Every structure is written in C-alpha cells, then in structure tokens.
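Position chain B relative to chain A; hints supplied.
Those protein sequences? They're chains A and B, same order as listed.
The opening position of the first sequence corresponds to residue 7 in the working numbering, with each subsequent residue numbered one higher.
The opening position of the second sequence corresponds to residue 2 in the working numbering, with each subsequent residue numbered one higher.
It should be emphasised that the hints constitute simulated quantities derived from the structure, not laboratory data.
Every value quoted in this text rests on a predicted model; they were computed, and no experiment measured them.
Hints may be right or wrong, so weigh each one.
As the list claims (entries may be wrong) - Here's a subset of chain A near chain B, in silico, CB distances under 7 Å, partners left out:
hint	residue
1	ASP90
2	ALA91
3	LEU94
4	ILE95
5	PHE127
6	ALA130
7	ILE131
8	ASP145
To be verified - Across the chosen pairs, the derived CB separations fall in these ranges:
hint	chain 1	residue 1	chain 2	residue 2	range
9	A	THR13	B	SER41	41 to 49 Å
10	B	THR36	A	THR61	29 to 37 Å
11	B	GLU3	A	LYS227	48 to 56 Å
12	B	GLU3	A	GLU75	36 to 44 Å
13	A	GLU75	B	GLY59	30 to 38 Å
14	A	HIS60	B	ASP70	24 to 32 Å
15	A	ARG103	B	GLY68	16 to 24 Å
16	B	GLY68	A	GLU75	33 to 41 Å
17	A	ARG103	B	VAL4	25 to 33 Å
18	B	GLU88	A	LEU323	29 to 37 Å
19	A	ARG28	B	GLU88	48 to 56 Å
20	B	ASP70	A	ALA110	25 to 33 Å
21	A	ARG28	B	GLU3	57 to 65 Å
As the list claims (entries may be wrong) - When the alpha-carbon atoms are kept at most 20 Å apart in a straight line, the in silico DMTMM-like pairs for lysine to aspartate or glutamate are as follows:
hint	chain 1	residue 1	chain 2	residue 2
22	A	LYS126	B	ASP44
23	A	LYS242	A	GLU226
24	A	LYS122	A	GLU104
25	B	LYS34	A	ASP97
26	A	LYS258	A	GLU592
27	B	LYS85	B	GLU73
28	B	LYS34	A	GLU104
29	B	LYS85	A	ASP90
30	B	LYS7	B	ASP87
31	B	LYS7	B	GLU83
32	A	LYS339	A	ASP295
33	A	LYS268	A	GLU302
Heads up, the beta-carbon is just placed ideally off N, CA and C, and yes, glycines get one too.
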Amino acid sequence: MNNQPETVCQGIAASSGYAIGRVCFVRQNGNFYLEPVDSSITPEQISVEIEAFHTALDAARNGILKLQEELRNKAEAHDVGIFDAQLLITDDQLLTREVEQMIANELKPADYAFFKVVEKFVAAIAVMPDNYIKERTADIRDVAARVLHHLQDNSSGNIEYDDQRIILAHDLTPSDTAALDRRRVLGFAVETGSATSHTAILARSMQLPAVLGIPGDFLEKVKDNDMLILDGYSGKLILHPTRETEAEYRRKMEATLIFFHKLAEEKRLSAETRDGFVLQLSGNIENVDDIDTVHEYGGCGIGLFRSEYMFLNSSGLPSEEEQLDIYCSMLSKMKNEPVVVRTLDIGGDKLDQALQRYAEPNPFLGLRGVRFCLKERPDIFRTQLRALLRAGTYGNLRVMLPMVSCVEEILEVKALISELQEELYHEHIEHALHLPIGAMIETPAAALLAAPLAKVVDFFSIGTNDLVQYTLAADRTNERVNYLDMPTHPAVLTLIANTIAVARRHNIWVSVCGQIAGDPRFTPLLVGLGVHELSMPPALIGPVRRVIRNLQMADAELAAIEVLECETPARALDISMQMLRSAAPEIADLVAPASDN
Amino acid sequence: MEVEVKILNRLGLHARPAALIAQRAGSFASEIKLTHSNGSVADAKSILSLLMLGAPCGTTLTLATAGTDENEAAAAICGLFEAKFDED
Numbered sequence: 007m008n009n010q011p012e013t014v015c016q017g018i019a020a021s022s023g024y025a026i027g028r029v030c031f032v033r034q035n036g037n038f039y040l041e042p043v044d045s046s047i048t049p050e051q052i053s054v055e056i057e058a059f060h061t062a063l064d065a066a067r068n069g070i071l072k073l074q075e076e077l078r079n080k081a082e083a084h085d086v087g088i089f090d091a092q093l094l095i096t097d098d099q100l101l102t103r104e105v106e107q108m109i110a111n112e113l114k115p116a117d118y119a120f121f122k123v124v125e126k127f128v129a130a131i132a133v134m135p136d137n138y139i140k141e142r143t144a145d146i147r148d149v150a151a152r153v154l155h156h157l158q159d160n161s162s163g164n165i166e167y168d169d170q171r172i173i174l175a176h177d178l179t180p181s182d183t184a185a186l187d188r189r190r191v192l193g194f195a196v197e198t199g200s201a202t203s204h205t206a207i208l209a210r211s212m213q214l215p216a217v218l219g220i221p222g223d224f225l226e227k228v229k230d231n232d233m234l235i236l237d238g239y240s241g242k243l244i245l246h247p248t249r250e251t252e253a254e255y256r257r258k259m260e261a262t263l264i265f266f267h268k269l270a271e272e273k274r275l276s277a278e279t280r281d282g283f284v285l286q287l288s289g290n291i292e293n294v295d296d297i298d299t300v301h302e303y304g305g306c307g308i309g310l311f312r313s314e315y316m317f318l319n320s321s322g323l324p325s326e327e328e329q330l331d332i333y334c335s336m337l338s339k340m341k342n343e344p345v346v347v348r349t350l351d352i353g354g355d356k357l358d359q360a361l362q363r364y365a366e367p368n369p370f371l372g373l374r375g376v377r378f379c380l381k382e383r384p385d386i387f388r389t390q391l392r393a394l395l396r397a398g399t400y401g402n403l404r405v406m407l408p409m410v411s412c413v414e415e416i417l418e419v420k421a422l423i424s425e426l427q428e429e430l431y432h433e434h435i436e437h438a439l440h441l442p443i444g445a446m447i448e449t450p451a452a453a454l455l456a457a458p459l460a461k462v463v464d465f466f467s468i469g470t471n472d473l474v475q476y477t478l479a480a481d482r483t484n485e486r487v488n489y490l491d492m493p494t495h496p497a498v499l500t501l502i503a504n505t506i507a508v509a510r511r512h513n514i515w516v517s518v519c520g521q522i523a524g525d526p527r528f529t530p531l532l533v534g535l536g537v538h539e540l541s542m543p544p545a546l547i548g549p550v551r552r553v554i555r556n557l558q559m560a561d562a563e564l565a566a567i568e569v570l571e572c573e574t575p576a577r578a579l580d581i582s583m584q585m586l587r588s589a590a591p592e593i594a595d596l597v598a599p600a601s602d603n
Numbered sequence: 002m003e004v005e006v007k008i009l010n011r012l013g014l015h016a017r018p019a020a021l022i023a024q025r026a027g028s029f030a031s032e033i034k035l036t037h038s039n040g041s042v043a044d045a046k047s048i049l050s051l052l053m054l055g056a057p058c059g060t061t062l063t064l065a066t067a068g069t070d071e072n073e074a075a076a077a078i079c080g081l082f083e084a085k086f087d088e089d
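So here's chain A without its partners, still in its complex pose:
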C-alpha cells in the first residue's frame, strides 16, 4: 500500500479548499456498478476467486430475499415477482458457467469476469426491438450491482463508512451533489463537468473542495481506501502522496484556515474601496439554512436564491403555502436586507423528469428558465409567483427571471403578475403591490438588448456562467470544450460592460452573480466596470471584500478601460491579476500560487 508511487493529476479547480483523506468511489446512481479494474490472477488463485464469486452470489441472493420479505407486506404480489426474476439471475447457470470459465481460462479476477459476462448479456438484450424487454437490463444491472458490491467489499477489506472520505465518481448530478453529507465528505472529484457546471456551483455553496474534469485513466488507477490529496485551489489530485507531500499540504491547510479566520474577523467592515465607493456583497444560496453562512461571512443580502432546489429536492411540487413559508423565513432571517429569488430555472444540466415532459436533444438551447415557466408549466409558475407576491409584504423581496432572451418575456411575466395581483385582491389575501422584477443577463441577446430591457425591469443580474457558454457556443458541461470557459474573452467582456453601462445610464441596479463574482482574480475588473453588487458563495465574501478594500476605484476604472481594449482573454485576465497582486498580494497567492505558474 505505502510503496505505491505518488501520482499527480491535473483537473479543473471547481471549488476551493484542500482535502486530505481516503477515497470512497461512488458508482453511478449511488450503487456500486462500475467496471472493475482489469487485472490478472495466478492459476493458484482460480479456486479462491470462484469461491469468492459464489459467496458474493449467495450474499446478493440473501439480500434480495430479505428485500422481498420486507416488500411482501407492503406491495402487490405482482411487484414482488420482479424480485423472483432477480433471484433467478443469481441462480442462472449460464451466467455462472461463463463467469467460472472466464476466471479459469482467462485468469481474470471474479469481479472483472462477472462484470464482463453481465455486460455481454446486457448488450445482447439492449439491442432487442422490444422496449419492454430492453428495460429489463436495469434489473440485470441491479442484481449485478449487488453481487459486485459484495465482491468488492471483500477484496478491499472493511471500509469504515462512518469516517470522512473524499468522493470520487465518473459523474455526480447536481442532486447527487446536494445529497452529499457534508460531515462525512471531505471533498469530491469527478470526470465530467467544468468550473461553471451546476455540480461545481453546488460544491462551492456547500464549501466542499472539488475538482472536475479528471481524466478517466487517472480514475481507473484509484481504488477505494487509497490515500488522496485534493487541491481545490489549483485543481490537482495527488494519489498515494509521500509523507513529505502530505505534510506540506497539512501546513497549507492550516495556513489557509488561519487566513480565513482573519478574513472572517473583517466581516463587519464595509466593502468599500480606498476612495470611498461601496459595493454590495451578497450570497448565492439554495436553502434557508445557508443564510447563517451568509451572515457568518458578513454578506449583506441574498443576491441569488436558486429556487429550483426547492423543487428538485422534494418529492412533489412545493405548494403555494410551502413556498410562502420558505420565502418568509428567509426574509425574516435577513431582516430588511434584500433577498433576490430566481424563479424556477429548470433545464440545461438541471433536468428533472418529474417536471419536464420532453427530453430535449439540446437542453441548453431548449425550453429552460423563464421559457419553461411560460410555455411548459405556467401552472408551476403561477403558484411560485403567487407565493412570491404574498411573501413580498414580509421584507425586501426581489424576483429575478432566468434565461431571458426577449423583451416580450418580461412583459408576459409582468402581465401574469398583474393578473395574479388581481386574483389575490379578490381573494382578500395580502400581497405586495410592487414586486421588483429583474432580468438575468445570461444570453448574448439579453446583453445586447440591455437598453430596451432596462426600461421594463427594476434590476439586472449578470449570470456570467451562461453568458460565457452562450457567447462562445461552448457547452459548459462538456469537458472537451472547457478550455473555452473564458470569462475575460473580449466578446464576453464587451457584453458585460455594455450591460453595466446601460444599467447605470438607466439608473437601475446591476449585479453579477456568476462564478467570476466570487473569484478574486476578476474583482478589480468588475469593480472598475462599475457593478453595484457581487453575489457569490458565502465563503468567498471574505477574500473579495479584502480585495475591494484595497482597491482604488480610480485605478480600477482605468484598468477596466484597458481590459476592454485587450484582444485576448489571457491579456485581459493578466491586467486584472496585476491589479489584484498589487492591491492584495495575500489573496493573489491564494488563487494563483506563485509556484504553480
């Protein structure tokens, strides 16, 4: 174990922080189904492997029997019958024979042989023309996952699931991520995604160090229980670290912790430049409990409440009353500070089968955000808007519409709001007479239409993650094009600058709530462009505040002008970075350690 060589792999830094600990490999859908490592055994091991295979089959069979017994009291006899089929798979002679042959003739370990044989059957069944039969592959895989679980449990010794782990997986969906237990998970690394995919966004708001875009061949080298260091600042993974490396990282962890404590002590200071310009720093959150962290880090508002997580995490649709409860408890916790609720933003990589009736070939260009609410599920939208209108009397509530691409969409929502106000009035239910409405600027169309949009909304919030993906036509969940995830691309900066300039001209509020809002590398640039508010994961408020307090608005404005004339993303980032380094070198070291460049 200890003599394995240290292996380093470079992924994409998705959520800052360090994690040092043992690996827990999470298989697809939370079960343990993943291709085992292809290795070889010696002829002497054949009987041991065959024995292990049969033990695992027995264990799986007993597991199914137990489940069946539990279900017998609750379910229809017909449904329990499904498990009969599963039991037969564990008894299947054809399967057993082929696995035994593969172990004996090809000298493969039991888990690998079993996986390969099962996949052969699944592949044969999956090409069947009959959909109903095709779907049975799920049953086979379900059984296979049980057997593999037993096989791999035995091979890797006793895994203590109650200690803390670094999670590794090929993919974690946003809801998988949200379900991770923060007390037991030190951090995670996955193969898919980029710094702006929703999984990454969630990781930041959960303050879990995360690295995405891990090459598949690296993942194959990692086994459960392996020692790993995850560096969420630089995007590095270090497998089997040497004692020296580990000690170095423990020192770094300690130092960062102390630094963040120091930053937390500044939480009562205002985010004011040296020459007296004040910015609003607020938090991006997805549930009410996150408000405590916003306060802990000294945020002065909620700049983005992602209301879709209310929908994704509950079994049914949240009712008007349930939503009202959630909005009101946020507003009361925030006193009079602003709370911006983004209406349901389903689509893109946040898919939900219960809410969406159609699978789209290209969901990022499909019916998402406000389009989905207006066209597909006006019923859900009405409920949400009614709850928001009612909550509006309890505090400083603002409503933000995602994925706006035309002026008509805003007008349609406003008409709907008037209609609902009328409705509430007739029902004698207290509600807000004016609910500030904002447009998210996350499509190039919206950024170019900033002037007409500014006349019909009360504020803008620039969602830079989507703005980058749509401007550069680069899917942010596709790791093959994540090199194009360039917020300082001149085309993107022109759109951001235009949006901010228009907002200021029309005297409306403009904030940035994308990933760059919480990344100190971009703070000098955004301050110089004249944004009113930066909304970010709460933990990042400290570093950004420190940067702002060390900046001169006059210098930042000049730098912004210079940045807008840059022809390459790298040059633009460089100018912002230089300002950061001269204003707050300690923060510059944190985001781009000198040794890494």
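Frame of chain A; chain B shown alone:
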C-alpha cells in the same frame, strides 16, 4: 420431444414470464430448449438466455425437451404459455 408454443401475453417474454419459465424448467431433469424462428436458441433454465430471445407477443417458439421427464416438462412449459403466464 418437440412442440410449438406461441407467446400470447401482450408484453411478450419479459422478465416475469422468463422467470416463471426458468423456475419451472429448473424443476425438471430434462434438458429444455426454446428455439426462435430466427434461429436463436435459449436454455429454458436460464432467465438471461430466455430474455436474450427477445420474443414479443405473437412469436412462435419451438419447445424441445430431452430426458427422463421430457413429457412432463413439455406439458408444464406449454401450460405456462397457454395461460399467458397469468398476465392478461
């Protein structure tokens, strides 16, 4: 012995019918095979093998049994097909 059987239940030879056949076939000593008109052959004692036939409603299969209890086995399996596996 050999007989022809036809799949009459609406959903065809999916998991549950396949499970019933495999279970029943397993209780006989004889070798029991089901042959699809497309030539593929299934061991009736293996659920995976049966599923791989991919036989939808309306398919005719040839049931072949060989061994000491081949007549009883053929009768039992035919019975399952005729009863549409208690499905429809």
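Hints and how they fare:
1. ASP90: holds, 5 Å
2. ALA91: Since the shortest Cβ distance to chain B is 4 Å, the answer is holds.
3. LEU94: At about 4 Å, which falls below the 7 Å cut-off, the nearest Cβ of chain B leaves the hint on LEU94(A) intact, so it holds.
4. ILE95: holds, 6 Å
5. PHE127: holds, 5 Å
6. ALA130: holds, 5 Å
7. ILE131: holds, 5 Å
8. ASP145: Result: holds, 6 Å to nearest chain B Cβ.
9. THR13(A) <-> SER41(B): 41 to 49 Å: Holds, since THR13(A) and SER41(B) (Cβ atoms, about 46 Å apart) stay within the stated range.
10. THR36(B) <-> THR61(A): 29 to 37 Å: Holds - the Cβ-Cβ distance for THR36(B) and THR61(A), about 35 Å, lies within 29 to 37 Å.
11. GLU3(B) <-> LYS227(A): 48 to 56 Å: holds, 54 Å
12. GLU3(B) <-> GLU75(A): 36 to 44 Å: holds, 40 Å
13. GLU75(A) <-> GLY59(B): 30 to 38 Å: holds, 37 Å
14. HIS60(A) <-> ASP70(B): 24 to 32 Å: The hint (24 to 32 Å, Cβ to Cβ) holds, given that HIS60(A) and ASP70(B) are roughly 28 Å apart.
15. ARG103(A) <-> GLY68(B): 16 to 24 Å: holds, 19 Å
16. GLY68(B) <-> GLU75(A): 33 to 41 Å: For GLY68(B) and GLU75(A) the Cβ distance comes to about 34 Å; the hint holds.
17. ARG103(A) <-> VAL4(B): 25 to 33 Å: holds, 27 Å
18. GLU88(B) <-> LEU323(A): 29 to 37 Å: holds, 34 Å
19. ARG28(A) <-> GLU88(B): 48 to 56 Å: holds, 49 Å
20. ASP70(B) <-> ALA110(A): 25 to 33 Å: Given range 25 to 33 Å: holds, Cβ gap about 31 Å.
21. ARG28(A) <-> GLU3(B): 57 to 65 Å: holds, 59 Å
22. LYS126(A) <-> ASP44(B): holds, 16 Å
23. LYS242(A) <-> GLU226(A): holds, 16 Å
24. LYS122(A) <-> GLU104(A): holds, 10 Å
25. LYS34(B) <-> ASP97(A): holds, 18 Å
26. LYS258(A) <-> GLU592(A): holds, 13 Å
27. LYS85(B) <-> GLU73(B): holds, 19 Å
28. LYS34(B) <-> GLU104(A): holds, 18 Å
29. LYS85(B) <-> ASP90(A): holds, 18 Å
30. LYS7(B) <-> ASP87(B): It holds: about 15 Å lies between the C-alpha atoms, which stays within 20 Å.
31. LYS7(B) <-> GLU83(B): holds, 8 Å
32. LYS339(A) <-> ASP295(A): It holds: about 10 Å lies between the C-alpha atoms, which stays within 20 Å.
33. LYS268(A) <-> GLU302(A): Distance of about 13 Å is within 20 Å: holds.
In this structure, every one of the numbered hints holds.
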